[in-house]
Amino acid sequence: MAVVGFDLGSQSCYIAVARAGGIETVANEFSDRCTPSVVSFGSKNRAIGVSAKNQLITHADNTVYNFKRFHGRAYNDPFIQKEKEHLSYYVVPMKNGSVGIKVTYMDEEHLFSVEQITAMLLTKLKETAENNLKKPVTDCVISVPSFFTDAERRSLLDAAQVVGLNCLRLMNDMTAVALNYGIYKQDLPVAEEKPRIVVFIDMGHSAFQVSACAFNKGKLKVLGTAFDPILGGKNFDEKLVDYFCAEIKSKYKLDPKSKIRALLRLYQECEKLKKLMSSNSTDIPLNIECFMNDTDISSKMNRSQFEELCGDLLQRIEIPLRSLMEQIQLKVEDVNAVEIVGGATRMPAVKEKIGKFFGKDVSTTLNADEAVARGCALQCAILSPAFKVREISITDAVTFPISLMWSTETEDGDGIHEVFSRHHAAPFSKVLTFYRKGPFELQAFYSDLSNVPYPEKKIGKYIIQNIAAQNDGEKTKVKVKVRINSHGIFSVSTASMVEQMKMEEIESPNTEAEIEPQSQKPENCNKNTQQDNTEAGPQSQVQTDGQQTSQSPPSPEVPSEENKIPSVEKGNEKKSDQPPDAKKPKIKVKNVELPIEANLVWQLGKDLLNMYIETEGKMIMQDKLEKERNDAKNAVEEYVYDFRDKLSGPYEKFVCEQDRQNFSMLLSEIEDWLYEEGEDQAKHVYMDKLTELKKFGTPIEIRYQEAEERPKLLEELGHKLRIYAGITEEYKKKDEKYIHIDESEMNKVEKCISDTTEWLNNIINIQAKQNLDQDPVVRVNEIRRKLREIHGLCDPIVNQPKPQIDSPKQEEPPDTSFINKTEELEEEIKNIETTQQNGDCHMNESPVSMDLD
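Residues 1 to 853 in UniProt numbering are what the sequence shown spells out, letter by letter.
Among the hints, erroneous ones may be present.
[Said to hold, decoys possible] Derived DSS-like pairs (lysine-lysine); straight-line CA-CA distance at most 30 Å:
id, residue 1, residue 2
1, K135, K683
2, K95, K461
3, K253, K437
4, K331, K356
5, K219, K84
6, K646, K694
7, K653, K769
8, K44, K275
9, K275, K239
10, K481, K590
11, K239, K249
12, K786, K769
13, K275, K253
14, K695, K624
15, K249, K217
16, K221, K239
What the hints contain is simulated information worked out from the structure, not anything from laboratory work.
Please take these sequences and the hints and turn them into a complete structure.
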């Protein structure tokens with residue numbers, strides 16, 4: 001079973017796999033462990049990853065990048081409208097109002113959703129993992145920013161489903177980093193001791209995330225998270241681009257923002273400049289040839305200027321750090337270590353800001369780029385039965401508080417209850433109890449939208465159906481389970497109606513009722529919390545009716561007569577006016593599962609999802625066919641250039657002048673055809689051309705290879721013949737080494753040597769008269785066959801072992817020790833009898849002690 005973790009970054013991706021020796025980050029076909037998050041569309045196929053990034057300048061309008069943050073968002077989202085201004089491709093609305101990307105593919109205009117673009121990237125990552133593991137990849141764990149909302153997470157899961165990946169878990173980036181850090185630590189405190197607090201900080205290309213985790217031996221708990229979703233490495237790049245755009249405009253009278261290709265080149269050079277300034281404090285030059293209008297530009301910048309230019313960005317670093325410490329109610333002195341990851345944390349100014357806030361040196365023990373992918377692979381190995389991983393309990397935290405709202409059956413308005421507070425343990429389940437006479441609706445939403453980087457506060461609506469009043473007209477008890485699952489997604493997972501059924505009366509004074517006693521309730525009820533481990537995560541039970549929102553028990557109310565629910569007493573509670581043997585009705589409780597209609601803010605329909613799956617399959621097949629076509633074309637081109645060089649080199653002696661001229665002419669014709677009519681042909685056309693070339697080239701290659709190998713094999717054959725001939729001569733001289741071999745057998749060897757020697761001399765003489773440009777008289781395969789023949793015949797005969805003659809054995813004298821001991825024993829018995837007759841026998845006064853093993 002393949003165990004894979006994908007770090008799906010905004011700028012680049014990493015793939016980690018679990019092996020018997022541990023976790024390994026794998027490389028792509030360019031031997032690079034970093035795969036750019038770029039997809040480019042052409043007239044025949046798609047380019048994904050490194051090859052797509054190489055086309056970013058030349059095919060800017062058909063190359064898609066920085067699309068990760070488009071998941072689960074509407075086209076009119078302010079974030080989308082701001083981001084599209086910096087993109088070279090076209091962002092347009094889809095029919096359902098989501099973000100669409102318009103490109104030209106297969107010489108036709110296509111509109112792809114963000115899920116489809118991400119699925120294309122996942123296709124590339126999946127192929128890379130399969131090529132490395134040599135087995136299919138299905139199960140995986142994918143990283144996701146901790147601030148992603150339900151809509152964004154569901155969109156990402158849909159993208160994985162499009163490409164046929166079974167995502168076992170969407171894992172928060174910082175939780176993956178924490179797992180990668182903690183699972184290898186041997187010196188963590190035990191469960192009873194104070195946990196080790198570690199703060200993890202990740203500044204990548206597009207976001208800044210902070211997380212505080214508590215570590216005990218075999219236990220990881222996320223205490224809290226904070227973030228700045230629009231602060232990342234690209235913001236520092238934009239500062240440099242804006243600075244140099246202004247300088248170029250004043251110095252060269254050119255406006256780089258007027259041409260997208262020039263702007264993209266400037267972005268790439270500024271990113272390189274930023275990386276160089278992280279390791280050098282001196283002036284770093286910026287030179288771009290033929291930037292615009294065949295004009296070369298040059299400039300320079302040093303680290304001090306850069307830090308001054310990005311001063312406002314550096315000030316924003318402390319805000320999430322301060323927010324985190326306030327939320328988890330810890331002081332900086334309580335933090336044992338600060339671990340940083342992410343490419344942008346390599347900037348010295350960023351490290352300095354973080355270290356200054358915590359008052360300690362930051363740690364870089366983890367790989368800044370690969371830590372997230374390795375953590376995802378570890379989580380996948382933990383979830384997989386094929387691997388045995390060190391036991392560790394992972395408790396994540398809810399990023400945003402979630403509340404439920406429902407309509408009540410009174411005039412008091414809607415009921416609201418916060419089911420999951422911020423930093424609540426996850427995954428987690430809760431059971432809510434309602435009392436209703438008919439279907440009702442639950443609305444899930446984010447309690448505090450000010451901290452959510454998403455414009456829509458609603459998560460979804462859930463309609464609990466098929467609810468009916470009890471037979472006596474009273475309200476029915478309905479239990480609803482809500483859950484934050486392992487993906488960090490909220491859901492109303494199940495709903496059940498509690499039915500009370502009266503059984504026939506039986507005489508049983510001590511029988512207990514099967515329903516829990518309940519107090520008289522109109523629309524209110526008490527709330528209590530209890531732990532339950534029946535689900536994958538913890539579960540609590542909350543009893544509510546739709547009015548009470550406080551966590552404390554509601555104040556008692558006097559129910560009205562029409563809303564009064566009679567309490568059910570236990571059967572073993574006897575009344576004073578009731579005889580002990582009175583008959584009491586037995587009540588049976590039955591839970592009936594109720595259907596739930598979910599209307600989510602963001603969810604692809606089954607039909608649309610199936611269409612995306614079918615479209616992706618067709619594009620994968622087209623990419624495969626185009627690769628095979630290009631491989632066939634490259635094979636023809638390679639054969640032409642390779643053979644042309646060898647015709648005037650090592651193959652020159654093995655082809656006559658006339659054939660060489662004809663073949664050279666054919667090579668030139670096919671070369672011209674490749675760059676004219678043959679530029680875009682089907683695969684079978686290139687295969688036919690290659691076959692035509694090989695009709696001329698293969699005989700030449702064979703003659704060259706035969707001439708190279710034939711002398712060595714002929715020499716080896718002659719050497720073997722001389723060895724066997726020497727053995728036959730020694731046999732004739734009655735050498736003791738071979739005297740045991742039968743004469744008829746040795747005659748067979750002698751005859752074989754004679755016939756083979758005659759054949760060898762004849763072949764050598766004839767071949768010596770042949771020219772090199774003619775086919776050889778004897779092939780290498782025939783010489784090898786002769787070698788096998790003499791080995792098979794001669795070796796068993798000449799290597800016969802001498803028969804062994806057994807030397808006569810000397811008979812050993814019989815063992816007489818037993819006879820001697822018997823005679824001694826008889827003599828001793830006679831002496832005892834004689835002594836008894838003389839009256840000299842004395843009894844021992846104490847028994848003989850014996851040692852028993």
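Evaluated hints:
| no. | hint | result |
| --- | --- | --- |
| 1 | K135 to K683 | holds, 28 Å |
| 2 | K95 to K461 | holds, 22 Å |
| 3 | K253 to K437 | violated, 76 Å |
| 4 | K331 to K356 | holds, 14 Å |
| 5 | K219 to K84 | violated, 43 Å |
| 6 | K646 to K694 | holds, 14 Å |
| 7 | K653 to K769 | holds, 15 Å |
| 8 | K44 to K275 | violated, 36 Å |
| 9 | K275 to K239 | holds, 14 Å |
| 10 | K481 to K590 | holds, 17 Å |
| 11 | K239 to K249 | holds, 16 Å |
| 12 | K786 to K769 | holds, 22 Å |
| 13 | K275 to K253 | holds, 28 Å |
| 14 | K695 to K624 | holds, 29 Å |
| 15 | K249 to K217 | violated, 59 Å |
| 16 | K221 to K239 | violated, 37 Å |
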